[in-house]
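Required output: the full structure, derived from the provided sequences and hints.
Chains as they are written, first to last, in the working numbering: chain A, 5 to 260; chain B, 5 to 260.
In case anyone wonders, no lab produced these hints; they're calculated from the structure. Please note: incorrect hints may appear among the correct ones.
Heads up, the list lumps identical chains together, so a pair's fine if it works in one copy or across two of them.
Said to hold, decoys possible - Within a straight-line C-alpha distance of at most 30 Å, the following computed DSSO-like cross-link-like pairs (lysine-lysine) qualify: (1) 144 <-> 33; (2) 62 <-> 127; (3) 127 <-> 81; (4) 113 <-> 223; (5) 41 <-> 216; (6) 144 <-> 97; (7) 223 <-> 144; (8) 151 <-> 9.
2 protein chains.
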Amino acid sequence: MKKIKLDISYLGSAYCGWQVQPNKPTVQKFLQNSCEKAFGSSVEITGCSRTDSGVHAKSFICTADLLDSANNIPEEKIPAALNVILPPDIYVKSAEEVSPDFHPRYSAKGKEYEYIFCDRAYKDPFLYGRAAFVGVLDEKSMDLCAKQIEGEHDFACFMASGSKIIDTVRTVYSCRVERRDGLVVLTVSANGFLYNMVRIIAGTLLECGRGKMTAFDLKEIIASKDRSRAGRTMPAQGLYLNRVFYGDFMGEESEE
Amino acid sequence: MKKIKLDISYLGSAYCGWQVQPNKPTVQKFLQNSCEKAFGSSVEITGCSRTDSGVHAKSFICTADLLDSANNIPEEKIPAALNVILPPDIYVKSAEEVSPDFHPRYSAKGKEYEYIFCDRAYKDPFLYGRAAFVGVLDEKSMDLCAKQIEGEHDFACFMASGSKIIDTVRTVYSCRVERRDGLVVLTVSANGFLYNMVRIIAGTLLECGRGKMTAFDLKEIIASKDRSRAGRTMPAQGLYLNRVFYGDFMGEESEE
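See below:
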């Protein structure tokens, strides 16, 4: 068996998320079909996470297990071989053979997500499906509040209710908000994320940007472990998976 | 009769251009339907130009002639009234009543278009339909060559063959190429454009960016008035109508 690690990027708008579901277009399904056509053998695709419907990825890591080792496509030609088959909203950036014990999800040491808010009066049609349209935000207040999220905390308050995860402690390496090209961008990296965590953090920081919550409130919300005290879950459309870290420490020894 | 001037923006990907065509989705058709629903009367829509299938507009000017003057929507509420009906890839930025002799096409003193090239090895799926993917370009050579296009010239060489226009003299106010956020952007403004003019200029400057044509060649091509000596017609996807000028001179007294 041969294991190929793929670094892909996709615009999630047309897909019902990453994971294969019967009769629904998903990124995993398109990638699997493309790999089977290109490699001429059955392929098992494993992803680094299950992105929701409409979520985008600038860099998503997955592996293709070639069950039949007949593949003779040289590593460096795999991206082009897959890209001619894939739809144009999914793109393979690189491919490399990895050891059989590499797992895109369990070997990951952390991930970085981005959430994009558009707070202009003008709902730019070029941003439709790519940002959340909201009222005017004060990004400096948001950034101040975002710092409260950094560090190791029990993040139960930022987990979708109904989720079955028991250990809700995670380490957020960095959580920052800045204005970039007129948009408000939240960037958050952590050793792991709870279900809907970034979208709930985005909804909570939105309240901070509107002057409805302070850094002190945020500290209390985290301590309360109470989902109902945090903000709403923002729509998937503004969410991007930016990077997955596999080094021993985020930013260092990372494969990115 | 009431004449309302609308400044709209649209992502052209889903549309067969601006102009109404039977059984095809066009921007004009969607706008007309939305106006008829919002104003509750029959409406005639006139555009500043006929953008081709897949072409985008950051600012496209059109008028809505309300044939039945029953409309009582205050000017400032028209954009919101139309935007709730319109699909999210068409957006009305502003509306104002204009005199009956205003014509979005014939009153225009000039237009500005933009053409976006992506010359990265990486075919970013987020740019699909929004830029032309090409090989590596030297934007400085392109900009040098672009200057040859400025001024009053007979631009027959940059007109689609088969076009029936006789007077092919136009004044190009500005024609520049620059690298912006890693992309190569051509911006050209003129008192008028021939059919496919910007897309052929883009295809010709592409040859300059590849080192296949010089500023001297460009001068000769213009003088030759020979379409076959210019570059190819670039795809619609990279083309954006940026602005329409109605002042006496571009940039001054402009309504933009």
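Here is what the structure says about each hint:
{"no.": "1", "hint": "144 <-> 33", "in the structure": "neither (41 Å within a copy, 43 Å between copies)"}
{"no.": "2", "hint": "62 <-> 127", "in the structure": "both (23 Å within a copy, 12 Å between copies)"}
{"no.": "3", "hint": "127 <-> 81", "in the structure": "between (41 Å within a copy, 15 Å between copies)"}
{"no.": "4", "hint": "113 <-> 223", "in the structure": "within (26 Å within a copy, 58 Å between copies)"}
{"no.": "5", "hint": "41 <-> 216", "in the structure": "neither (53 Å within a copy, 38 Å between copies)"}
{"no.": "6", "hint": "144 <-> 97", "in the structure": "between (34 Å within a copy, 28 Å between copies)"}
{"no.": "7", "hint": "223 <-> 144", "in the structure": "within (17 Å within a copy, 52 Å between copies)"}
{"no.": "8", "hint": "151 <-> 9", "in the structure": "neither (34 Å within a copy, 47 Å between copies)"}
In this structure, the hints that do not hold are numbers 1, 5 and 8, in rising order.
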